[in-house]
Amino acid sequence: MLSWLPEDVSTFGGEIDRLFYAIYYITGVALVVVTALMIIFLIAYRRREGRRATYTHGNTALEITWTVIPAIVFIGLSFASVSTWGKIKAHAPPPEAVVQVTAKQFNWEVVYPGPDGKFGTEDDFQVDNDIHVPVKKVVHVQLKSKDVIHSFFLPNLRLKQDAVPGKDILVWFEAVKPGKYELPCAELCGFGHSGMKGWLYVDSPEDYAKWQQATWPAK
Amino acid sequence: MPREATLRKYSEPVGTAVPAFGGGDPPFPPKARAPVVSNARLAILMFIAAELMFFAGLIGAFIVFKLAAPLWPPAFQPRLPVEVTGVNTAILLASGVAMHLAMRASKRREPRAALVRWLTIAALLGIVFLLVQGYEWVRLIGYGLTLSSGVYGGTFYTLIGCHGAHVLGAVTWLGLVLARARSHRHELSAETVDLCGIYWTFVVALWPALYALVYL
Amino acid sequence: MTESATAHAAHAEAHHELGFVRKYLFSTDHKMIGRQFLFLGLFMLIIGGLLAMMMRWELAWPETNIPLMGWVPEPYMYGGILPPQTYNAFFTMHATIMIFFVVMPIMVGGFGNFLIPLMIGAGDMAFPKLNMLSFWVGLVSGIVMLSSFFVPGGPAAGGWTSYAPLSAQASFTGVEWGQHLWIISLIILGISSLMGSINYITTVVNMRAPGMTYFRMPLTIWSLFITAILLLLALPVLTAALAMLLFDRMFGTSFFLPAGGGEPLLWQHLFWFFGHPEVYVLVLPAMGVTSDILSTLSRKPIFGYHAMAFSMIAIAFLSWVVWGHHMFVSGMNPLLGTAFMMSTMVIAIPSAIKTFNWLGTLWGGSIRFTAPMLFALGFVSNFVIGGLSGIFMAATPVDIFIHDTYYIVAHFHYVVAGIIFALFAAVYYWFPKMFGKKMSEPLGKIHFILTYIFFNLTFFPMHILGVGGHMRRIYNPTQYEFLQPLQGINHFITISAFILGVSQLFFLYNFIASLAKKRDAERNPWHANSLEWSAESPPPHGNYETTPVVYRGAYEYSSPEVAEDWLPQNRQVSGGVARAH
Amino acid sequence: MKTRIVFQAAFAAAVWAVSGAAQACPVCINGAGGEKLLDAFNWSVLFLMAMPYTIVFAVIGFFVYAYRRAEKKQRAEESAVMSPAHDLS
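Protein chains in written order, with the numbering used here: chain F, 1 to 219; chain U, 220 to 435; chain L, 436 to 1016; chain R, 1017 to 1105.
Bear in mind the hints are in silico, worked out from the structure with no lab data behind them. This list has only true hints and no planted wrong ones.
Distance condition first, Cα-Cα at most 30 angstroms in a straight line; then the derived DSSO-like pairs of lysine-lysine: (1) Lys564/L with Lys326/U; (2) Lys1088/R with Lys326/U; (3) Lys1052/R with Lys285/U; (4) Lys326/U with Lys1089/R; (5) Lys146/F with Lys1052/R; (6) Lys1052/R with Lys118/F.
Start from the sequences and build out the full structure, keeping to the hints where you can.
Written out as structure tokens, the structure reads:
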């Protein structure tokens, strides 16, 4: 099933996928064991003439076992998740490129700081739905929304963050492979929700410089 | 389907007695027992629990707005009438005391007149509370604080208005009980007074918390 | 004793002479009210199901004519083509109807009403009139909800979660009155549920028959009792949030509108504070009836009765501290995210306990594969999958990827649509008691086999869609390049869903044909222990000729005390006296 | 019994986790609405979480009290009415 995962091109995507796989195998084993037991019980203990069901109200040892084992597994899983979660959500590395993305019904407004590297100045450069970022650089995205809640979803980077109106949310990623990746909106945002999408262009250093020269206003 | 044919009718026990299963050692043979808390009292308690959660939702919202605001009340908004409402709080609390005395009178089977007196006092105090609140609202609206003036006005009118509606409901209920108490054709059980009293107590007891939260 | 019995009989007689209106419409009899809720729920199930079918068509063959739907006027459909606005309205109403008007009315309203007094040995609910009112208020709420299909702009289109600010201002969705009615309907439904849950709690606490201690109650009663407590405390918070939302829309407040200083995340907090306990409101009764049916039809005491009861209590306790797991990517404090992940992992434990105990119940049994048993087993099997897939989203980093994708859709359909299996099991199981008639077994088995196969073929592939990144609530998946390889799966799901829908005709026919039959059910067709089976089928007004006396728990199957493999709760065995110290 | 212990432990863990999160995080990159907003939400969340438990424990407490009182009353009545050696104990 997991071969359906979109190709991962981010630095932290691997960690997410590893967790995904770990849970997949754990739950897979649990599913197989439980289903197999169920089928075995259903066949072995189907009603047969002359056989009476076992009269038992339970078994304390078993009860404790199947309470403690899932507890250990679940708590273990949550501890395994904490560091990845913190890495993605709480501790962003310093930015090497910054871009502002403002969601609105039904477009992504992308603002680049321009040559001076600051927002709110005259050389800011704005375009709809296309994000160009350099490969292997930490990119900070300042996520905003103009109207309703949208969700900034980059399947190939295992990244999703709601854009909440009235809030300024910081998202970061580092893409490791040049290419063109789809950027859909993942939170219902009105009748045009479906089809609200943009593109993330991860450019090689040369391409990125070329694109900057071609599009950014001169100093 | 169970097999009818192979089964005998209910028979004498075959084994020795097995340990009872299913919790503790219930009395044997089981005895009927009158409920400790009557149906109506339990229901009113449950209703109050639900009401508390309703107010919890509103208060939860209020907390977010109040604590997140850089300035509360926000600039250019009228201040709330702390002193007048403080006096009003005392009035509502006094009505709670009157209600309590009425409940005691009905429980001790004192003469009907005492009950009617305390109930009347409680109801009047409740009405005074509502009138003062209403008057203050009119003044606040005059100063420009309305439902649509940002979260400050919105939370104020919603939270205090919901409480006001509850006081109104309680006063109406109390009016019905009072009418019954005054007409001597009706029997008046202690429970009738009690139920109304419990609800009244809830409405009164909720107010100081709201006052402290919203006004202070 | 005899006096009260004759009084009872006279009482019952008086009620038998009631006219049609008092008997079938404004009845205060909990059994009639239960049936009314059941019919309401089944009717709504048809509507909710049809909405799902149209959505599935749209997802598989986007923007093509849906067969048979050409009559719908513009702008709702264009010659059978669904515009995105209508699509959004459909999934909003599908979820709202299925949750609030199918599962809740049938499991809580229908079986709750029907079973609670019968199973605890009471004559009726504590407040019969309140009970009647609860149904009628609930019906009004349903009518208000359905009427939103006919107002200009169509029904609510902001998703069943109605996230603000999308839902807080008409211009964002273009829906004016539809959303108003949605809010008003749910506020009314809250009142109905409040009356119901007060009634249930009071009845269970105060009206149990002599000897029916808390830990002799069948697990169905435990589950409904806990459900009532959850409803009582959770729904008012939704009502508060809905009131604020309505004020935002109608009176110009700005609780959830950032333009006026409001907080969109506040809506999510309040909504999910209600929403997560609500999930357990839906699933606990299903777990309860499944436990009873599994035990009865494998002729074995339920494995670990106390563990089962306490795990439900634990679920109820923990359900108040896990709501944030719906909001991992919403922009809330990441540390809160960690806390909510921990509590979510903890609440998974009682669910695991229940599953293992169900397996333990099957072990060593003498299993009868009747229709209710098959559906109960189907519920367990689906719940296992739904429970396990839930662990993926509990892990916050994984949730970042699968949140708002079809993985979530697959997960909650395995749980919530899985509940429909328990619902069918309950209908097949208690039908004889409810109507005095038996449903056809062969038709029930065909219904089960088709439903089980096509349920899995419909919902399991949704996991794959989710892993592939397929967003939920999108109208046209072919607009996305990365989803195009997945479109074949969408076709497959849609075809399975249609067959799943058509399979339900077996149930519909069976249900209606059985209703039309003559009475043919005996008192205790399943040889079950709980009290309701000692009453007539269907029980008369007042239920029991004399108040039953309870001597033991509900799960004494295959007990060595007696030769039969069942031992009703109210049957006094002479050897039992030895236990009285 | 054992389920109760497990449950208590689980509950303690949840409370611990939540209270740990209540301390606002100064280096958080999210929630640019400011630390005040984070704090406000934390308090609101804690308040909402605490309410159901407060209510449920208050009701349970009341019930325990009511049952004790009823039992005491019943015992007093029984001992007043009949000779003590007669019944249950």
